[in-house]
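S.K.: The residues making up each chain are set out below.
There are 2 protein chains.
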Amino acid sequence: MVMRDVQTGQRNEEGIAAVLGILKQQLGEKLQTGQAFREQHSHTTTYLPRQIPDGVVFAESVEDVKAVVRACATHRVPVIPFGTGSSLEGQVNAPSGGISLDFSRMDKVLRVSPEDLDVTVQPGVTREALNTYLRDTGLFFPIDPGANASIGGMTATRASGTNAVRYGTMKDNVLSLTVVTADGEEIVTGTRAKKSSAGYDLTRLFVGSEGTLGVITSITLKLQGIPEKIGGGVCSFPTVKAACDAVIMTIQMGIPVARIELLDEMQMRACNAYSGLSYDEKPTLFVEFHGTEDTVPMQSEQFSMIAAECGGEDFQFTGDAQQRAKLWKARHDAYWAARALAPHLGALSTDVCVPISRLADCVAETHADIRDSGFLGPIVGHAGDGNFHILLLFDEKDPADIARAEAFVERLNRRALSMDGTCTGEHGIGQGKMSFLEQEASSSLPLMRAIKKTLDPQDIFNPGKILRPGA
Amino acid sequence: MVMRDVQTGQRNEEGIAAVLGILKQQLGEKLQTGQAFREQHSHTTTYLPRQIPDGVVFAESVEDVKAVVRACATHRVPVIPFGTGSSLEGQVNAPSGGISLDFSRMDKVLRVSPEDLDVTVQPGVTREALNTYLRDTGLFFPIDPGANASIGGMTATRASGTNAVRYGTMKDNVLSLTVVTADGEEIVTGTRAKKSSAGYDLTRLFVGSEGTLGVITSITLKLQGIPEKIGGGVCSFPTVKAACDAVIMTIQMGIPVARIELLDEMQMRACNAYSGLSYDEKPTLFVEFHGTEDTVPMQSEQFSMIAAECGGEDFQFTGDAQQRAKLWKARHDAYWAARALAPHLGALSTDVCVPISRLADCVAETHADIRDSGFLGPIVGHAGDGNFHILLLFDEKDPADIARAEAFVERLNRRALSMDGTCTGEHGIGQGKMSFLEQEASSSLPLMRAIKKTLDPQDIFNPGKILRPGA
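Going down the list, the protein sequences come from chains A and B. Just so you know, we're using UniProt numbering here: the first sequence kicks off at 1 and counts up by one. Just so you know, we're using UniProt numbering here: the second sequence kicks off at 1 and counts up by one.
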């Protein structure tokens with residue numbers, strides 16, 4: 001997150017006025033321009049400044065989306081898709097004003113095929129609502145980024161979360177999309193076939209495009225059968241290196257772990273303090289297995305042997321749902337526990353991801369950096385993917401502290417890139433990571449720019465995100 | 001495969017002469033222009049006519065690739081990447097002449113990281129050579145399209161094969177690419193991080209682009225641990241519907257089957273005749289499980305219960321490698337057994353893929369069509385993915401028979417599209433399926449064309465493939 005990238009863009013006042021007039025006429029009360037609505041539809045989840053849109057359209061149909069895109073294309077006004085607003089890198093900010101396109105009323109499950117394990121949803125369906133809807137089918141949608149995000153937003157951000165190690169990311173779980181493109185028409189990017197070699201992979205081009213190439217209007221997703229049995233466990237390790245070694249061996253042996261989360265000493269201390277728990281304040285792995293009554297205990301046994309071999313202590317495992325929730329409590333409370341370390345400070349969440357062989361080094365060097373910098377910064381990692389977050393606590397009112405935090409984030413991202421990693425495993429680029437994308441993808445950035453220019457020649461789709469204007 | 005799409009394109013004679021002169025000077029003996037070399041580097045795997053290039057460059061380095069692309073870009077001459085020539089839709093034909101860029105000498109494994117389960121290879125490495133190289137690491141690369149294709153070709157075609165049901169397709173197994181683009185420079189499309197939300201997914205844009213957007217110069221792949229235990233089995237069913245029901249239940253219950261292949265009655269008859277075997281001549285599923293000494297027998301037991309419930313008979317299973325090879329013999333011999341039904345006839349392989357709930361219907365309607373048309377056309381299906389191939393046997397010397405075959409293929413593809421399927425699960429579009437892509441992706445075709453135009457403004461990269469010129 002680099003403050004200097006969160007600039008106010010050029011505003012097209014005449015165009016904005018024209019679009020507001022047109023949409024008022026066409027959409028009536030679905031367009032809201034009150035200050036409260038507009039503020040809710042700007043970035044609200046970190047210390048990044050709010051940049052509010054000029055109007056909010058609560059779309060109720062694809063026709064509404066087309067109307068917005070057409071009016072905005074005609075008058076060169078920004079369109080900013082909005083799911084639940086839980087993105088972390090300023091994706092929903094409106095640096096040049098424009099229309100926030102809210103999908104909360106497009107929240108229908110359009111079809112489901114239990115036989116094919118797939119479902120088609122409107123973008124405003126949240127992952128929790130989807131799983132509630134699916135409950136009776138014996139199926140579930142596995143991607144869990146923590147927040148109760150919308151499927152549209154998760155698709156646009158290429159989200160993942162705790163169980164990507166088993167089920168992949170949004171990239172792996174979207175079969176097909178419909179998208180309203182710059183000409184105001186809707187295209188279909190794929191079929192319901194489980195695989196296809198038919199032409200360019202437009203589905204994957206829109207997944208992770210953060211609303212900058214078009215507006216997603218429906219998503220066809222793969223589903224999974226609800227596991228017959230879920231088991232979970234917790235194990236502490238003398239060092240982060242030892243914990244990472246256990247993760248590498250687990251992955252290498254092909255144990256189909258569903259979640260394998262790393263919490264560092266500071267995070268464990270925070271959890272103990274926050275929830276009155278008594279975990280060992282050591283690097284700790286939280287693991288979960290999905291399978292059958294037979295395979296879950298086997299997987300747990302295999303993991304416990306690996307953990308012991310790597311110096312892990314006192315592996316606690318349970319197949320009981322309530323007990324599991326208790327064992328996993330520290331993981332579930334991690335965010336609020338970390339915030340409680342310094343309730344008066346602001347927080348930002350980093351998101352680097354490195355090859356797992358480098359995870360221990362990356363965390364160790366980052367620990368040293370946190371210590372040397374004097375920050376509070378507990379670490380939670382999706383260790384099986386080599387992805388970890390630092391919740392960096394700092395005084396967001398103090399420009400000097402912001403500058404120190406940004407310098408830290410800069411070092412962290414450079415460290416990850418030097419280890420052949422990425423600046424973002426799952427949060428996306430938004431406004432906050434544009435300069436890191438330039439470092440990470442320096443050779444391919446011109447191609448990204450060319451694609452943006454081709455699909456969005458007037459730069460109306462979420463301008464000022466992913467690619468720095470004019471850089 | 002539609003013959004009418006295999007047209008000769010416009011030849012740029014002056015440009016071709018200039019490029020041959022430049023490359024002779026720059027690359028010496030790496031450029032070959034003899035008739036035999038040129039013929040070997042045209043389409044040779046089906047009845048589609050050969051369209052030979054004007055020269056073949058045996059690239060030995062990225063610099064050689066750049067030299068070819070630069071010369072061809074300067075003089076607007078086609079560049080046609082060539083792996084092993086095992087593609088099935090005319091992908092390596094040269095309808096407008098040009099340079100075939102042969103990767104057989106770029107066959108090095110560049111690096112491997114057993115800890116990260118990934119490897120980087122040059123495009124000319126074949127999948128068998130890769131697995132031989134990896135043997136001592138305990139890892140393997142799972143994608144198996146049948147032919148010993150090159151990794152570059154498999155990437156370009158978005159290939160898959162028998163065990164995609166477990167391990168996914170090339171789309172799911174490529175971490176990153178290097179690609180020489182139209183300006184003659186090499187770009188990097190990703191990192192070695194297992195997941196990333198950093199900008200547009202250029203990796204997936206090049207996977208499946210069949211050499212039409214740039215030339216792939218290296219591929220970083222995910223690897224898998226070699227299973228501790230592999231077991232295989234065979235089970236016959238009274239009807240294709242019953243077999244498909246067993247497949248659907250297997251997938252729905254989350255049994256992690258590694259392969260689940262359907263052979264129809266005609267194919268089983270062909271196999272018995274070809275290899276002197278005595279399988280029941282009924283629709284038959286060939287299954288394989290990858291796991292541990294404990295889990296493989298469990299999975300097999302679960303499958304056998306499902307199979308019995310669906311009317312399957314006499315499920316034979318073995319955990320012994322030699323026995324498994326024997327049980328699976330019909331599957332392994334399927335292609336040659338089918339050809340032997342009518343050795344004097346030509347053959348083409350279709351490749352539709354439908355949602356598995358529609359697989360039984362699609363096969364049943366296709367059976368009726370085969371019968372009504374009087375063709376020999378045994379079916380082999382990657383049933384877990386809803387993908388099946390008919391090896392259609394017909395007289396490739398007889399224009400009337402070719403026309404009948406093409407009409408059959410047209411009906412088949414329309415049938416799959418009407419079931420929300422795709423015209424190609426794994427073979428790609430090439431020259432043979434351009435008209436079907438136009439039907440399947442009618443709404444998104446303009447976007448594909450725009451991307452092609454952006455990345456390859458002069459149409460030098462494998463012209464006349466995927467997108468019909470001027471259509």
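No lab work stands behind these hints: they were computed from the structure. Idealized CB from N, CA, C, for every residue including glycine. Any given hint might turn out to be false.
[Stated by the list, open to error] Derived DSSO-like pairs: lysine-lysine, alpha-carbon spacing no greater than 27 Å straight-line:
#1 K453/B x K452/A
#2 K453/A x K66/B
#3 K229/B x K229/A
#4 K24/B x K66/B
[Unchecked claim] Just a sample of chain B residues kept apart from chain A, beta carbon distances all over 10 Å, derived:
#5 E13
#6 R158
#7 T181
#8 S196
#9 A198
#10 L202
#11 I251
#12 S275
#13 R324
#14 A340
#15 D351
S.K.: May I ask you to check that A198/B keeps its beta-carbon over 10 Å from the closest beta-carbon of chain A?
M.R.: A198/B is in fact no farther than 10 Å from some Cβ atom of chain A, at 5 Å.
S.K.: Please verify that the nearest CB of chain A lies beyond 10 Å from R324/B's CB.
M.R.: Given a closest Cβ separation of 19 Å, the condition holds.
S.K.: Checking one constraint from the list: CA of K453/B to CA of K452/A, max 27 Å. Satisfied?
M.R.: 13 Å, holds
S.K.: In terms of Cβ atoms, is chain A entirely out of 10 Å range of A340/B?
M.R.: Its Cβ never comes within 10 Å of chain A, the nearest being 28 Å, so this holds.
S.K.: Would the least Cβ to Cβ distance between T181/B and chain A come out above 10 Å?
M.R.: Answer for T181/B: violated, closest chain A Cβ roughly 7 Å.
S.K.: Compute the least Cβ-Cβ separation between E13/B and chain A, then decide whether it is above 10 Å.
M.R.: 31 Å, holds
S.K.: Verify that the Cβ of I251/B lies farther than 10 Å from every Cβ atom of chain A, and report whether the claim holds or is violated.
M.R.: Its Cβ does come within 10 Å of chain A, the nearest being 7 Å, so this is violated.
S.K.: Against chain A, does S196/B hold up as non-interface, every C-beta pair farther apart than 10 Å?
M.R.: Contrary to the label, S196/B does not stay out of reach of chain A, its closest Cβ about 4 Å off (not over 10 Å).
S.K.: Determine whether the non-interface label on L202/B survives the test: each CB of chain A must be over 10 Å from its CB.
M.R.: 5 Å, violated
S.K.: Would S275/B pass as off the interface with chain A, using Cβ distances and a cut of 10 Å?
M.R.: 30 Å, holds
S.K.: Between the alpha carbons of K229/B and K229/A, is the straight-line distance 27 Å or under?
M.R.: 23 Å, holds
S.K.: Tell me if the straight-line CA distance from K453/A to K66/B falls inside 27 Å.
M.R.: Measuring from Cα to Cα gives roughly 26 Å; hence the hint holds.
In summary, the structure is inconsistent with hints 6, 7, 8, 9, 10, 11 and 15 from the numbered list given earlier, while agreeing with the others.
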